[in-house]
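**Student:** Chain A is already provided as a structure; the job is to place chain B on it using the hints.
One letter stands for each residue in the lines below.
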Amino acid sequence: MNTGRVLATLAAGMLFGFGLSYATMIRPEVVLSFLRFQDFGLMLVMGGAVVVVLLAYKLAPRLLTRPLLDDHFHEHPSVWNRDTAVGAALFGVGWGLCGVCPGPAIAGLGAGNWSLLWALAGIALGALVQGLRAK
Amino acid sequence: MSISQSLLPLGWQHYLLGGLCIGAGAALLFVMTGRIGGMSTVFSSTWSYLLRRPFFQQRRFVDSRGWRLVYAAGLILGALVWWLGFAGGKPEATSVPVWQLLVGGFFVGYGARLGNGCTSGHGICGLGSLQLPSLLAVLTFMATAFLTANLIARVLS
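Residue numbers (my numbering), protein chains in the order written: chain A, 1314 to 1448; chain B, 752 to 908.
If we strip away everything but chain A, and leave its shape as in the complex, we get (with noise of 0.2 Å):
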């Protein structure tokens, strides 16, 4: 990877990272109360990233012909099928439970949330023993 990729991903990273802190996304009792229908912040945290990113990923393929610093747009096309139903239900489960989702997981360590580092350690494990299932 070359000298400008690698800092544009830094700066893609610091805006969530920044975005994720300023909307308290970091603080799990802020999402939970989301969850406990105490505080809709949330709603307009994902409405507001929806937009811009459907905005950039409609125009940029139409007014580009390549990315500014790589050859070409990729595309990540969801399935779904009954391991997308199985892993989002679970994955909703382990949200409700902890109020921490991977971004603020890693996010927050810049915030000196150390209690995060248990939910990042949780999440690690949990991707690791789902890659040993696997097939």
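Worth flagging that the hints you see were computed from the coordinates, not collected in a lab. Careful: at least some of the hints might be erroneous.
What the hints assert, rightly or not - Derived CB-CB ranges, DEER-like:
| # | chain 1 | residue 1 | chain 2 | residue 2 | range |
| --- | --- | --- | --- | --- | --- |
| 1 | A | 1375 | B | 839 | 37 to 45 Å |
| 2 | B | 817 | A | 1442 | 21 to 29 Å |
| 3 | A | 1390 | B | 848 | 36 to 44 Å |
| 4 | B | 820 | A | 1379 | 22 to 30 Å |
| 5 | A | 1376 | B | 906 | 51 to 59 Å |
| 6 | B | 848 | A | 1315 | 42 to 50 Å |
Claimed, not checked - Stretch-level coverage of chain B by chain A, calculated; a stretch enters the list once three of its residues show a Cβ under 8 Å from a Cβ in chain A:
| # | region |
| --- | --- |
| 7 | 793-805 |
| 8 | 831-839 |
Unchecked claim - From the structure, some residues in chain B lie toward chain A, with a derived Cβ separation under 8 Å:
| # | residue |
| --- | --- |
| 9 | 828 |
| 10 | 849 |
| 11 | 884 |
| 12 | 894 |
| 13 | 903 |
Beta carbons: idealized from backbone N, C-alpha and C, even for Gly.
**Tutor:** Just chain B now, kept in the frame of chain A:
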């Protein structure tokens, strides 16, 4: 109490602005490198550095593990900028018990990887590319998350 105060007791601006920022990050990644920036894959791809098993040595993990780690490092740095520049550097803490973080985290990691996506992968990137399977995944994990969070609140109170 007005409706907006009861639905959004802590205000709305920081949620919307933060969300736009998150979207801008994923958008920047796409415009510059063409990549789709969900967050959960890094938890599988990073194991490929340590484990020889064929599952972890798949090309989709090995080829993307480098930039995914850089993207994750950016996440930490971005939060650091917010923490020092906007939040006064007061350490964040949570009152969620350790067992909930650890056990909940385990299901989050297992489920996100089995279902190929999390709140950012299916939620932001999947919905942002108008994919029906991602919408179904989001509705599924929202439903089980609502159930679990409310059940836990009842049982532990």
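**Student:** Each hint should be assessed against the structure and marked as holding or not.
**Tutor:** Results of checking the hints against the structure:
1. A/1375 / B/839: 37 to 45 Å: Since residue 1375 of chain A and residue 839 of chain B have Cβ atoms about 43 Å apart, the given range 37 to 45 Å holds.
2. B/817 / A/1442: 21 to 29 Å: 24 Å, holds
3. A/1390 / B/848: 36 to 44 Å: 39 Å, holds
4. B/820 / A/1379: 22 to 30 Å: Hint holds: Cβ distance 24 Å, inside 22 to 30 Å.
5. A/1376 / B/906: 51 to 59 Å: Since residue 1376 of chain A and residue 906 of chain B have Cβ atoms about 52 Å apart, the given range 51 to 59 Å holds.
6. B/848 / A/1315: 42 to 50 Å: Holds, since residue 848 of chain B and residue 1315 of chain A (Cβ atoms, about 45 Å apart) stay within the stated range.
7. 793-805: It holds, with 7 qualifying residues against the three required.
8. 831-839: holds (count 6)
9. 828: 5 Å, holds
10. 849: Holds, about 5 Å.
11. 884: 4 Å, holds
12. 894: 7 Å, holds
13. 903: 6 Å, holds
This entry satisfies every hint, going by the numbered hints stated previously.
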